[in-house]
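Chains as they are written, first to last, in the working numbering: chain F, 2 to 459; chain Y, 2 to 459.
These are computed hints drawn from the structure, not numbers from a lab.
C-beta atoms are modelled at their ideal positions from N, C-alpha and C, and glycine is treated no differently.
Fair warning: there could be bad hints in the mix.
Example chain F residues on the side facing chain Y (calculated, C-beta under 7 Å, incomplete) [as the list claims (entries may be wrong)]:
1) Pro17
2) Asp62
3) Asp73
4) Tyr74
5) Gly140
6) Arg141
7) Glu144
8) Phe146
9) Phe375
10) Asp398
11) Met410
Here is what each chain is made of, one letter per residue.
There are 2 protein chains.
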Amino acid sequence: MAQKPSIAKGTRDFSPSEVNKRNYIMDVIKKHFKTFGFQPIETPSFENSDTLMGKYGEEGDRLIFKILNSGDYLRKVDEEVLTKKDSNSLTFKISEKALRYDLTVPFARYVVMHQNEISFPFKRYQIQPVWRADRPQKGRFREFFQCDADVVGSDSLLQEIELVQLYDAVFTDLKLEGVTIKLNNRKVLAGIAEVIGESDRLIDFTVALDKLDKIGIEGVSKEMGEKGISESAIEKASPLFSLKGTNLEQLNILGELLRESDLGTKGVEELTFIIEALESLGLQSANLKIDVTLARGLNYYTGAIFEVAAPEGVSMGSIGGGGRYDDLTGIFGLKDVSGIGISFGLDRIYLVLEELGLFPETADSSLQVLCVNFGDKEAMVSLKLVNQLRKNGIRADLYPSSAKMQKQMKYANNLNVPYVVLIGEKELEAHSFVVRDMIKGGQTEYSFNDVDQFLKQL
Amino acid sequence: MAQKPSIAKGTRDFSPSEVNKRNYIMDVIKKHFKTFGFQPIETPSFENSDTLMGKYGEEGDRLIFKILNSGDYLRKVDEEVLTKKDSNSLTFKISEKALRYDLTVPFARYVVMHQNEISFPFKRYQIQPVWRADRPQKGRFREFFQCDADVVGSDSLLQEIELVQLYDAVFTDLKLEGVTIKLNNRKVLAGIAEVIGESDRLIDFTVALDKLDKIGIEGVSKEMGEKGISESAIEKASPLFSLKGTNLEQLNILGELLRESDLGTKGVEELTFIIEALESLGLQSANLKIDVTLARGLNYYTGAIFEVAAPEGVSMGSIGGGGRYDDLTGIFGLKDVSGIGISFGLDRIYLVLEELGLFPETADSSLQVLCVNFGDKEAMVSLKLVNQLRKNGIRADLYPSSAKMQKQMKYANNLNVPYVVLIGEKELEAHSFVVRDMIKGGQTEYSFNDVDQFLKQL
C-alpha cells in the first residue's frame with residue numbers, strides 16, 4: 002500500500018503563486034534594506050544548543066526545537082538518567098544542536114565571532130526562516146520567516162530616525178499607505194514607573210492606559226485600581242490621561258510629568274530629537290505617533306521602541322516592530338556594543354496586501370507564452386521561437402506533446418497564459434507563426450523574421 | 002563569565018560578500034528557470050519522519066537529522082525500550098519529525114497532496130537548504146542549498162532537450178563557458194548489461210570503462226578481469242573501447258552493439274533524437290557529450306542521465322546533474338507520473354566562478370555613497386541628500402556620528418565605498434555638497450539643485 006502523504010503540523014507548503022507573492026514582498030524589503038546601506042548575512046539553520054538555550058527565558062527554551070544527535074546517541078548515556086525518565090535532563094545528553102528561534106541571537110554570535118572582519122557600525126539584514134515549537138493555531142506557524150535589519154556599534158539617534166524612514170520607504174513602495182509607526186522609549190517607561198512609584202506594576206499600568214480611547218479616564222483609573230496600583234500613583238499619572246495634540250505637544254506634557262526623573266527626561270529628549278528630525282525630513286506615506294503604552298519586549302529594549310500598525314480599517318496585529326538594545330553581544334563576551342533593529346512581519350504583511358488587493362499583477366510571474374505542439378516537426382520550429390523569446394527574458398514554453406488542441410488550450414487557460422502561439426503545417430510552410438491573444442481575443446500572424454514585433458507586443 | 006561563541010560543526014556563516022555572490026548565482030539560475038516556464042514552490046524545512054525515512058536507503062536514513070519531540074517526550078515511552086539502550090528503536094518513540102534530506106521527496110509529497118490544484122505537466126523549481134548528518138570535511142557541509150528544476154507528468158523527450166538548453170543558458174549567462182554536459186541513458190546501460198551478460202557487475206564495468214583515456218584498452222580489460230567480468234563479456238563489450246568520433250558516430254557504434262537488446266536500442270534511439278534536436282537548435286557555449294560510463298544514481302533514474310563538468314582545466318567534481326525517473330510519486334500513491342529533473346551545485350559553481358574570477362563587480366552590492374558626518378546640523382542636511390539618492394535606488398548612507406574625519410574615511414575605505422560626500426559648514430552655507438571620488442581621486446562640488454547631475458555620475 003502506498004503511504005498517504007502528510008505535512009508536519011504547523012508547517013506550510015507554498016504554491017507558485019504564494020512563493021511569487023512572498024518574493025515580491027521580500028524583494029521590496031531587500032531593495033530598501035540595501036539602499037539604506039544594510040548588508041545581508043546568513044547564519045546556519047541550527048546552532049549549538051548552548052548558543053540558544055537560556056537566551057529566550059524558560060518559555061523560549063521550551064519552544065526551541067532540539068535536534069537528536071546522530072548515530073548511537075544513547076551509548077554514552079548513564080542508565081540512571083534513562084530510568085528516571087526525566088525528559089529535560091536527558092535532552093542535554095542526546096541533543097547538542099537546535100533550530101534557531103530567531104535571527105537576533107545568531108546575529109549576536111556572528112558579530113562576536115567575526116568582530117575582526119567587521120567594520121562598525123555594522124548594518125546587517127537577514128531574511129531567513131526560524132522555528133518555534135508553538136501550538137499551531139490560525140496565523141501561527143512552527144516555521145516562519147523573519148526579516149530583520151539591525152545596526153550594531155552605534156548609539157547615534159540617527160539610527161532611530163533612519164529606521165523610521167526605512168519603514169516608511171518599504172510600506173510606501175508596497176503601496177500600503179497610511180501605516181502608523183508607533184514610537185516609545187524604554188527610558189520614558191522607566192521614568193513613569195519612577196515618578197508614580199509603581200515599578201513592579203508598569204505593565205499592568207501600560208495595558209490599562211492603552212484602553213483610554215475605549216473605556217475613558219474613569220474606566221482606566223478603575224482598571225488600574227483593580228490591578229493594585231495606588232490612588233496616589235494614578236493621581237500622579239493623570240497627565241498621561243490627557244495626552245492629546247501633536248507628538249511634540251504630547252512630549253511637552255510628558256516632559257513636565259517626568260521632570261523629576263533623569264532617565265525619563267532623557268527619554269523625552271530622545272523622542273523629541275527623533276520627532277523633530279523626522280518632521281523636518283518628512284515621511285512619504287506613514288504616520289508617526291508617540292505611544293507611551295507601547296512596551297513590547299520591555300526587558301529587552303533599552304531605548305527606542307517601535308511598532309507598526311496596519312492602515313486603519315484593517316484588523317491585524319502589528320506588521321513590524323523593533324527597538325534599541327544596549328548589550329546584545331555581551332552574552333558572548335563583546336561588551337559595550339549598542340544595537341538597534343527592526344523587523345518586518347512577512348506573513349501579516351502578506352495577509353494585509355491580499356486583503357487590500359495590493360499585489361501588483363506582475364508579482365505573479367507565471368508563463369507569458371505557450372506554443373501549441375502540433376507534432377515533432379512543428380515542435381522543433383516552435384522550440385526555435387521559444388528559444389528566441391527566452392533569450393529576450395520572456396517566460397515561454399512549448400507544450401511537450403502533440404496532445405489534442407483542446408487539452409493544450411485548457412493547460413494554457415489553467416496557467417493563465419496571456420499569449421498562445423500556433424505553428425501548424427500551414428505556418429511551417431509560410432515561415433510564420435500565429436499569436437492568439439487569450440485576454441482580448443483575436444489573433445495575429447507574424448513572419449518568423451518579425452519576432453521583434455511580437456516581442457514589442459509583449 | 003561570558004560564553005565563548007561557536008558555530009555548529011559542518012555549518013557556515015555567510016558574510017555580506019558571500020551572500021551577495023551566492024545570490025548572484027541563484028538569481029541567474031532563477032531567471033532562466035522562469036523563462037523556461039518553471040514555477041517556484043517551497044516546502045517546510047522539516048517533514049513528518051515517515052515521509053522521509055526509507056526513501057534514501059539505509060545510509061540515507063542514518064544521515065537524516067531527527068528532531069526531538071517537544072515537551073515531556075519520555076512520558077509515554079516504555080521503560081523496557083529505555084533500558085535496552087537501543088538508539089534506533091528509541092528514535093521512533095521520541096522523534097516524529099526530521100529535517101529534509103533533499104528537495105525531491107518533499108516535491109513528490111507536494112505533487113501528491115496538491116494534485117488537484119496542479120496543471121500537469123507541472124514544471125517546478127525549488128531552491129532551499131537541505132541537511133545531512135555527514136561527517137563534515139572540506140567542501141562537504143551539513144547544511145547546503147539545492148537548486149532543482151523538475152517536470153512531472155510528461156514523458157516527452159522534449160523535456161530532455163529543454164533541460165540541456167537550460168544548463169547551457171544558465172552557464173552561458175554566468176560566463177562559465179565551455180562546460181561539458183554529459184548525457185547517458187539508463188536504458189543503454191541496461192542494454193549493455195543485457196548484451197554482455199554481466200548485469201550484476203554493471204557498475205564495476207562502467208567504472209573501469211571510464212578510465213579508458215587514462216589506462217588504455219589493455220588497462221581497462223585488465224581491471225574488468227580483476228573485478229570478475231568474464232573474458233567473453235569483455236570481448237562482447239569491445240566496441241565500447243573504440244567509441245570515437247562525433248556523438249552521432251558513437252551512437253551508431255552503440256546501436257550496432259545493442260541491436261539484440263530492445264531496451265538498449267530504445268535508449269540509443271532516445272539519445273539520437275535528443276542529440277539531433279540539440280544539434281539543430283544549437284547550444285550557446287556548452288559542449289554536449291555522450292558518455293556511456295555516466296551512471297549516477299543508477300537505481301533512481303530510468304531514462305536520460307545528465308551530468309555537467311566544469312570547463313577543462315578546472316579541477317572540480319560535477320557542477321550539476323539529473324535525469325529521468327519514472328515513478329517518483331508512486332511512493333505516495335500517485336502512479337504513472339513520469340518525471341525528469343536537473344540540479345545545480347551551488348557551492349561548487351561558487352568555487353569555480355571564484356577560481357576563474359567570473360563574479361561581476363556588481364555582484365557585490367555594497368554601499369555606493371557615504372556622507373561624512375560633521376555634526377547635527379550638517380547631518381540633517383546630509384540625510385536629505387541621502388534620502389534623495391536612496392529614492393533613486395542608490396545605496397547611500399550617512400556616518401552615524403560626527404567622529405573624527407580620519408575614522409569616517411577609514412570606514413568608507415573598509416566598505417570600499419566609491420564616493421564619499423562632504424557637507425561641512427561651508428557647503429551648508431553654499432547649499433552645495435562635495436563628492437570625493439575614492440577610486441580615481443579628485444573631488445567635485447555640486448549645488449543642491451543639481452543632485453540629478455551627481456545621479457548621472459552614479
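Each hint, compared with the structure:
Checking Pro17 (chain F) against chain Y: minimum C-beta separation of about 4 Å stays under 7 Å; hint holds. Given the 7 Å rule on beta carbons, the hint for Asp62 (chain F) is violated: about 11 Å separates it from the nearest Cβ of chain Y. Nearest Cβ of chain Y to the Cβ of Asp73 (chain F): about 5 Å, under the 7 Å cut. The hint holds. At about 5 Å, the closest approach between the beta carbon of Tyr74 (chain F) and any beta carbon in chain Y falls short of 7 Å, and the interface hint on this residue holds.
For the restraint placing Gly140 (chain F) at the interface with chain Y, the shortest Cβ-Cβ distance is roughly 16 Å, beyond the 7 Å limit, so the hint is violated. About 15 Å separates the beta-carbon of Arg141 (chain F) from the nearest beta-carbon of chain Y, more than 7 Å, and the hint is not met. Restraint check, Glu144 (chain F) versus chain Y: the minimum CB separation of about 5 Å is within 7 Å; hint holds. Checking Phe146 (chain F) against chain Y: minimum C-beta separation of about 10 Å lies over 7 Å; hint violated.
At a threshold of 7 Å, the smallest CB-CB gap from Phe375 (chain F) to chain Y is about 13 Å, leaving the interface hint violated. Of the supplied interface hints, the one on Asp398 (chain F) holds, with its beta-carbon coming within about 3 Å of a beta-carbon of chain Y, less than 7 Å. At its closest, the beta carbon of Met410 (chain F) sits 12 Å from a beta carbon of chain Y; the interface hint therefore is violated under the 7 Å criterion.
Checked against the numbered hints above, the structure breaks hints 2, 5, 6, 8, 9 and 11 and satisfies the rest.
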